[in-house]
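With the hints as extra help, turn the sequences into a complete structure.
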Amino acid sequence: MNILAVLLFSFTDFIGTFHPLLVHLPIGILLLAALFQLLSQREKFQGLAPAVSIALFFGMVSAIASCISGYLLSDSGDYDEALIFKHQWFGIALALTSIAAWLSERYKVQNKLLPWLIVFLIFMTGHYGGSITHGSGYLTKAFSSSGKLTEQKRKPIPDVQQAVAYQDIIKPILMSKCYKCHGPDKQKGKLRLDIPDLILKGGKGGQVIVAGNTDESELIKRILLSKDNEDHMPPVEQPQLTKAEMELIHWWIGSGADFDKKVNALAQSDKIKPVLIALQSEEVKEAVKFSDIPENEVVAADSKIIKELLNRGVALIPVTKNSNYLSANFVAVDTISVQDLKLLEQLNQQLIWLKLGDSNIGDKDLRSIAKLNSLTRLSIERTAVTDKGIGELRNLSQLQYLNLLGTKISAEGLMQLKGLNKLSQLFLYKTTISPANFAEIKKVFPKVQIDTGGYKLQFLESDTVELKTAGKK
Amino acid sequence: MKDSILTQKLIKEAEQASLQYYTRRHFLKESAMGFGALALGSLLGSCGTDNAPPANSLFDASNPLAPRPPMFPGKAKSVIYLHMAGAPSQLEMFSYKPELAKLDGLDCPQSLLEGKKFAFIRGVPKMLGPQANFRQHGQSGLWLSDNLPHLATIADEIAMLNAVTTDQFNHAPAQLLMQTGSPRLGRPSIGSWVTYGMGSENKNLPGFVVLTSGGNNPDAGKSVWGSGFLPSVYQGVQCRGEGDPVLFIKDPDGMDRDLRRASIDAINKINQDQYREYQDPEILSRISQYEMAYKMQISVPEVMNINDEPAYIHEMYGTEPGTTSFANNVLLARKLVEKGVRFVQLFDWGWDTHGTSASGSVDIGLVNKCRKVDKPITALILDLKQRGLLDETLIVWGAEFGRTPMQENREGKDMPFKGRDHHAAAFSMWMAGGGIKGGTSYGETDEIGYDIVSGKTEAFDIQATILNQLGFDHEKLTYESQGRPFRLTDVGGKVITDILA
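Protein chains in written order, with the working numbering: chain R, 1 to 473; chain U, 1 to 501.
One or more hints might be untrue.
[Unchecked claim] Lysine to any residue pairs mimicking SDA-like chemistry, simulated, CA-CA at most 25 angstroms apart:
| # | chain 1 | residue 1 | chain 2 | residue 2 |
| --- | --- | --- | --- | --- |
| 1 | R | Lys422 | U | Lys75 |
| 2 | R | Lys243 | R | Ser226 |
| 3 | U | Lys75 | R | Gln449 |
| 4 | R | Lys86 | R | Thr140 |
| 5 | R | Lys456 | U | Ile154 |
| 6 | R | Lys227 | R | Asn213 |
| 7 | U | Lys437 | R | Ser269 |
| 8 | R | Lys321 | U | Lys476 |
| 9 | R | Lys186 | R | Leu72 |
| 10 | R | Lys456 | U | Lys476 |
Honestly, the hints are just simulated from the structure, not real lab data.
Pasting the structure below:
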């Protein structure tokens with residue numbers, strides 16, 4: 001008897017799973033029936049009339065089947081009850097209306113209202129069905145600025161040790177990988193993971209986390225189960241947790257599953273440290289990434305000027321495919337003319353990277369260069385530039401990279417550039433700056449990474465010897 | 001005289017005989033096929049002109065090497081790829097395995113051999129402990145052997161890939177896989193893909209230059225820098241260290257530059273006429289290649305000349321002008337990159353240490369090879385750094401595979417010297433510069449370096465990472481060939497994000 005009950009129970013569950021498939025039949029068939037019915041009232045489409053009754057019949061049958069399977073599915077109880085209530089009663093109303101419509105067609109009772117009612121009910125039922133599966137507000141999601149709930153960007157973590165473990169690290173993981181089924185809209189297995197109290201409360205099967213005991217925590221067990229096990233979480237068809245995310249959740253539960261403590265207040269094994277640090281550098285990386293390209297887009301440069309410079313042999317290209325910002329390299333131009341620089345000046349909004357190394361430019365040309373006030377990278381290595389002209393560059397307020405290798409710049413000349421507060425890389429090898437001044441320069445440019453070069457390799461006797469027999473190990 | 005007349009007659013007779021052989025039936029039979037083919041040809045032709053470059057192609061026949069922007073902001077602008085052809089032993093250079101030392105001389109356990117294939121090892125080989133001392137270096141504590149004393153001083157500049165793996169254990173296919181993404185011939189090399197994607201910043205130099213040293217070309221031959229199905233303009237240009245950098249680059253005696261110019265103009269004019277008639281873009285490629293060749297006659301000898309480099313640079317790199325050496329090639333690579341060349345590919349031959357001779361052993365030959373590359377490679381990284389170019393130049397060091405933790409026993413016999421067989425399952429490579437995070441390492445191998453444990457890195461992953469650093473999505477840099485888009489990484493490849501700055 002018991003076995004029969006179990007079988008029956010699992011059979012009803014089985015039928016229930018067909019609901020998402022079945023619902024599409026009444027939507028299609030009844031809409032078509034309503035359309036035929038409305039059209040056949042016109043003389044031109046009278047030929048459709050015989051089809052109406054058949055379509056209504058099959059629509060009615062499928063609507064009833066959808067109601068039954070829907071009821072069985074709702075029994076599993078993982079859904080928002082308020083939504084289920086609306087969806088269910090609109091669905092039943094639709095089934096009843098379709099029965100009425102079929103009967104009225106069958107017994108030739110004219111009713112112009114019923115097809116419209118059917119259309120209305122289909123839309124309402126469908127809408128609430130959609131809300132259940134895709135989350136309420138799914139319709140407007142595309143328009144809302146906050147974007148999808150699951151794709152919300154994690155707040156950058158400048159210093160991971162100062163971050164709140166749950167709020168800054170664990171919650172974003174749960175949000176992107178778990179909330180869809182265990183969040184405000186759906187609570188599969190009666191489990192909700194978006195509120196600390198509810199996380200601790202657990203789901204249908206009891207607690208899912210045991211603070212400090214990862215082996216006993218159902219959440220960890222489910223995550224670690226092999227993917228072919230049907231209890232594995234997240235379900236195989238959903239986005240999976242990365243290895244780092246698993247380790248972070250494991251670490252958080254193992255360290256007591258505290259919702260308020262900062263990372264530095266929790267025990268950290270050697271294994272988790274690199275994962276935590278990676279979190280930080282990744283975020284910081286994101287924050288400063290490619291800052292040598294301005295964030296705000298700019299109007300496109302005059303294509304005529306670009307063409308002229310290209311014809312001169314300048315490698316002048318956008319910094320990326322879809323950007324209007326430009327990079328220019330004069331490596332293949334024999335002699336840079338005043339005319340070339342005049343053309344460049346007209347690109348002052350767009351040109352951000354400029355390479356003029358090994359060229360004929362000198363101090364007086366720097367006046368032109370100084371007008372290129374969007375530049376973030378400038379290479380003028382091995383040119384005739386001296387202290388006299390270098391001061392012009394103080395107007396390049398966006399400059400981050402400056403290569404002065406092999407120029408006649410001295411420490412005094414360089415001091416003229418101390419106002420460049422975005423400067424982060426400075427190359428001074430083979431300039432006339434004496435090593436005695438290096439310390440002073442570092443003081444004036446504290447944030448700048450300065451390379452004065454002159455690297456030497458140790459002389460090793462062994463480099464000059466060819467072994468004939470095996471040396472000592 | 002009489003003979004030649006007779007010959008003429010005989011030929012005429014043979015022609016006539018063959019004509020008679022073709023009867024009316026033959027004609028109809030063959031034409032039937034012919035008409036079908038004609039119809040099919042025009043049908044297919046109407047789907048798209050044969051000559052038009054494939055959809056989504058970056059190829060611009062009139063200026064195939066014009067510089068092109070990357071897809072997204074890439075850190076690197078150029079690549080220097082150092083390939084040690086023959087496969088150096090990771091166990092004497094990068095992979096510190098103290099457990100292996102304890103097993104030295106013992107029989108290799110059966111469990112390691114079952115179902116495995118090796119190039120030369122037969123029967124049961126003996127384990128061979130590391131033939132070098134290892135020490136930790138830099139802040140990152142990177143393990144390096146004493147065979148690399150110079151590189152050890154800049155350990156924090158490089159990112160070590162400990163668990164590289166391949167499925168090819170013979171040199172040629174393994175080299176092809178590393179360089180072209182397929183162990184078989186016919187695919188474009190990575191340098192070709194890069195120049196196809198980015199063009200060249202210097203219109204007077206090729207975008208992709210190849211330099212070889214060690215006395216031989218790599219086993220896979222020139223296919224490892226071939227352009228495969230990409231337009232031929234993207235193939236690597238091999239330059240020589242001695243004599244003329246490119247054969248016949250000098251104008252012959254008696255021909256001055258004006259005459260050369262005039263003859264190229266004449267050839268180009270004929271090619272232009274041909275292009276107007278046939279619209280084949282390869283003709284435009286040819287014209288631009290003539291133009292480039294003309295310019296290269298001046299610019300290549302200039303950039304390929306290391307005589308003018310100052311003495312401290314020669315001392316740093318260990319270079320000797322006028323010879324062919326890996327050191328010279330490394331210095332040339334720096335010069336080329338400085339001049340805007342996108343991809344410089346170095347192959348150094350002679351790392352195949354089987355133990356058949358002293359020079360092919362892991363405790364003699366390998367040590368000598370290391371001495372020849374250690375200093376120039378270290379110099380290259382430091383030199384690029386002081387020139388402000390390290391951040392935009394990606395350096396890749398690697399080979400086609402690694403070497404076994406077992407001593408080679410060719411034909412089941414002991415070898416005269418200590419050597420190791422080809423090992424595809426696990427080996428090491430490293431990258432530096434070009435937006436790579438120095439002082440990192442990725443992947444682990446087991447205690448004896450036989451197999452990988454974590455951080456599996458395949459050729460495709462390395463290729464994907466190189467393209468990523470240049471600003472290209474390896475899945476989107478494609479070229480249509482034989483009716484479908486191809487890409488360097490075929491259907492694989494994952495950017496190794498763990499080593500990115």
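Check each numbered hint against the structure and report the violated ones by number, ascending. When the structure is compared with the hints, only number 10 turns out to be violated.
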